[in-house]
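Fit chain B to the supplied structure of chain A, relying on the hints for placement.
2 protein chains.
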Amino acid sequence: MDSITRLSLNQITTERASLGETVDACARHGVPYVAVWRHKLAETGVGRAVRLIRDAGIRVSSLCRGGMFPAATAAERAARIEDNRRAVDDAAALGADVLILVCGAAPDKDIAAARRMVADGITELVPYAQKRGIRLGIEPLHPAFAAERSCITTLREARCLAERFDPATVGIVADVYHIWWDPEVFDEIARAAGRLVGFHVSDWLVPVGNVLMNRGVMGDGVIELRALRAAVEQAGYAAGPIEVEIMNEAVWNTPLDTLLPLIKERYLACV
Amino acid sequence: MDSITRLSLNQITTERASLGETVDACARHGVPYVAVWRHKLAETGVGRAVRLIRDAGIRVSSLCRGGMFPAATAAERAARIEDNRRAVDDAAALGADVLILVCGAAPDKDIAAARRMVADGITELVPYAQKRGIRLGIEPLHPAFAAERSCITTLREARCLAERFDPATVGIVADVYHIWWDPEVFDEIARAAGRLVGFHVSDWLVPVGNVLMNRGVMGDGVIELRALRAAVEQAGYAAGPIEVEIMNEAVWNTPLDTLLPLIKERYLACV
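Line by line, the protein sequences are chains A and B. The numbering used here puts the first sequence at residues 21 to 291. The numbering used here puts the second sequence at residues 21 to 291.
Watch out, some of these pointers could steer you wrong.
Because identical chains share one entry, a pair is satisfied inside a single copy or across any pair of copies.
Subject to a maximum C-alpha distance of 25 angstroms in a straight line, what follows is the list of computed DMTMM-like cross-link-like pairs (lysine to aspartate or glutamate) [to be verified]:
hint	residue 1	residue 2
1	129	269
2	284	109
3	129	244
4	129	35
Derived from the structure by calculation, the hints contain no laboratory data.
If we strip away everything but chain A, and leave its shape as in the complex, we get (with noise of 0.2 angstroms):
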């Protein structure tokens, strides 16, 4: 617990800041993993941020992200896969092993269908994602992300859709904010094993205002971080990265070279 090798800082958590602008705060402050969101990218330009991305030494954890598989019509859901596809091609370009998968809620009222449509939506990928080395990463959303950016909501439900698949190309994410108050959250990251491709802390503030913006930084919140993390270690997950990733006002405006410390200091203490 007592070094930042695995530290790596999701880009969310600097919302505010350009790709070059975190990369090089990483590099100040020795972090040496940067999770990129796809946004950002489309900011950057994917060629120049491979190479600010190299020429800080910093290496990518993960590539946020794929997904949003469900849609009304199969024209706009094949629409989705071939965005996909473009999203593993960015995951390659820039060395990271994995693509998160946030997998979109249904169009309408029919959450069982929008469900076949993520699974479906998969299986068009996986060849795909094969072909280029690169992991899908399924990620449980709260289920109060449901209606809107998730169906797949428990690690349960993520587990038993990656189990359909080749666990060298499909796994789990877990992220403690998603998934801390589940009463079966050590029973299903222990049945995760071997499927878990990233672990992501945060925390859970109180009280609840918008839950969208509601995650802390570690150690400000209910989250029992060090317990998840000790059964996500105990589940094969013992030398990859470890996200932070913090959507949260209060941090996006925090000079960088204030928050860089703050989280490095959090992570030790609390994760």
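This is chain B only, laid out in the frame that chain A set:
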């Protein structure tokens, strides 16, 4: 589906009105049941509330809420049990069959300990409830409330907890707002056969802002209300009251003589 004989107005839906105003509105609009909240009961006084409800010719579907078992000290936990006994007394005085249990959250980060405190609390409360003929209805709350209101977050967990007790005294309440997202919701409703003591309806609005106040009138959101009602009826809750429970500022600011016709219309059209 063509009558309102099972319709109950949960009093939180008319939070700005007194109990007297709410039961009078129910009587005017032919709504046969009301679900009473204890903070409103305290304003009115139990004796007067009993008379108001009886004089209006309205029945009480449930009293909300008991629960809130976890606390930092044994003395505080004992005080909570004592308060739950008073809630049982209130339910008996009102002629309500069911006391809704919102089980409570951890006083610290230890959600597993909180879950044990809930089980211990219900164990202590059961003999008193049994003696007075009140059923305790464990209501799993949406995981967004796990840190502040209820460590019991899924139907499965509520069922496993309820199964430790006699079904004549301890049951489960299915509230669509809390459970709609669950990939196992239909399986779990089926497994709850014989244990269901309440069915609450509203809707999940999109986009989510404040998750506590995000409920909508039935039909305004994404929940498959008819399918859930059919499942609940299939599981044996086929004649009991169906409560409309909506926490939403716009609903609260709607005059009762506008709101109640809307609720009736949507209940008939969507539930």
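Structure-based check of all given hints:
1. For a Cα distance limit of 25 angstroms, the shortest separation of residue 129 from residue 269 across copies, 24 angstroms, qualifies, whereas the shortest one inside one copy, 31 angstroms, does not.
2. Taking CA atoms no more than 25 angstroms apart as the test, residue 284 paired with residue 109 passes in neither setting, with 31 angstroms inside one copy and 53 angstroms between copies.
3. Proximity of residue 129 to residue 244 under the C-alpha cut-off of 25 angstroms is restricted to the inter-copy arrangement: shortest distance 6 angstroms between copies versus 34 angstroms within a copy.
4. Proximity of residue 129 to residue 35 under the C-alpha cut-off of 25 angstroms is found in neither arrangement, the shortest distances being 31 angstroms within a copy and 28 angstroms between copies.
Checked against the numbered hints listed earlier, the structure breaks hints 2 and 4; every other hint is satisfied.
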